[in-house]
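The task is simple: from the sequences and hints, build the whole structure.
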Amino acid sequence: QVQLVESGGGLVQAGGSLRLSCAASGNTFRVATMGWYRQAPGNQRELVATITFRGTANYADSVKGRFTVSRDNDKNTLYLQMNSLKHEDTAAYYCKLDLFGRTTWGQGTQVTVSS
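So the sequence shown is numbered by my numbering: it starts at 1 and just counts up by one.
It should be emphasised that the hints constitute simulated quantities derived from the structure, not laboratory data. Don't take every hint at face value.
As the list claims (entries may be wrong) - Heads up, simulated DMTMM-like pairs for lysine to aspartate or glutamate below, C-alpha to C-alpha not over 25 Å straight-line:
no., residue 1, residue 2
1, Lys86, Asp61
2, Lys96, Glu46
3, Lys75, Asp61
4, Lys75, Asp98
5, Lys64, Glu88
6, Lys64, Asp98
7, Lys64, Glu46
8, Lys96, Asp61
9, Lys86, Glu46
10, Lys96, Asp72
Said to hold, decoys possible - Label pairs and their computed distance ranges (CB to CB):
no., residue 1, residue 2, range
11, Gln13, Asp74, 28 to 36 Å
12, Ser115, Asn73, 34 to 42 Å
13, Ala23, Arg66, 21 to 29 Å
14, Arg45, Leu99, 16 to 24 Å
15, Ala14, Lys64, 16 to 24 Å
16, Gln39, Ala14, 15 to 23 Å
17, Phe100, Val5, 26 to 34 Å
18, Ser115, Thr28, 36 to 44 Å
Bear in mind that the values here come from a model prediction, so they are computed numbers and not experimental data. For every residue, glycine included, the Cβ atom is placed at its ideal position computed from N, Cα and C.
Here's what the structure looks like:
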């Protein structure tokens with residue numbers, strides 16, 4: 001069974017940057033569609049970015065031009081580079097793996113942006 005472990009969250013000032021990582025176990029990472037989602041208190045979980053196994057990326061309008069999703073299939077790792085962070089980016093960030101109709105979520109990493 002695939003396990004996903006996020007890291008890289010923390011406290012940052014508005015305008016700053018963070019890089020999140022999501023390490024996947026097993027050998028299905030390289031053929032899976034991966035995604036980053038976030039959930040702020042009182043809000044539903046929302047899409048941040050996805051990336052296919054071929055590297056095609058898709059972003060939420062709110063993060064376009066500021067966030068970049070990437071993957072290293074040799075390291076079984078997904079990344080999210082977040083620049084020009086805003087207070088409204090504060091949330092728990094989760095990575096997700098989708099493969100053959102099955103979904104796996106990580107436990108999340110907290111990102112807090114001070115204004």
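Each hint tested on the structure:
{"no.": "1", "hint": "Lys86 <-> Asp61", "result": "holds, 14 Å"}
{"no.": "2", "hint": "Lys96 <-> Glu46", "result": "holds, 12 Å"}
{"no.": "3", "hint": "Lys75 <-> Asp61", "result": "violated, 29 Å"}
{"no.": "4", "hint": "Lys75 <-> Asp98", "result": "holds, 18 Å"}
{"no.": "5", "hint": "Lys64 <-> Glu88", "result": "holds, 14 Å"}
{"no.": "6", "hint": "Lys64 <-> Asp98", "result": "holds, 22 Å"}
{"no.": "7", "hint": "Lys64 <-> Glu46", "result": "holds, 14 Å"}
{"no.": "8", "hint": "Lys96 <-> Asp61", "result": "holds, 19 Å"}
{"no.": "9", "hint": "Lys86 <-> Glu46", "result": "holds, 16 Å"}
{"no.": "10", "hint": "Lys96 <-> Asp72", "result": "holds, 15 Å"}
{"no.": "11", "hint": "Gln13 <-> Asp74: 28 to 36 Å", "result": "holds, 34 Å"}
{"no.": "12", "hint": "Ser115 <-> Asn73: 34 to 42 Å", "result": "holds, 37 Å"}
{"no.": "13", "hint": "Ala23 <-> Arg66: 21 to 29 Å", "result": "holds, 24 Å"}
{"no.": "14", "hint": "Arg45 <-> Leu99: 16 to 24 Å", "result": "holds, 19 Å"}
{"no.": "15", "hint": "Ala14 <-> Lys64: 16 to 24 Å", "result": "holds, 18 Å"}
{"no.": "16", "hint": "Gln39 <-> Ala14: 15 to 23 Å", "result": "holds, 20 Å"}
{"no.": "17", "hint": "Phe100 <-> Val5: 26 to 34 Å", "result": "violated, 22 Å"}
{"no.": "18", "hint": "Ser115 <-> Thr28: 36 to 44 Å", "result": "holds, 40 Å"}
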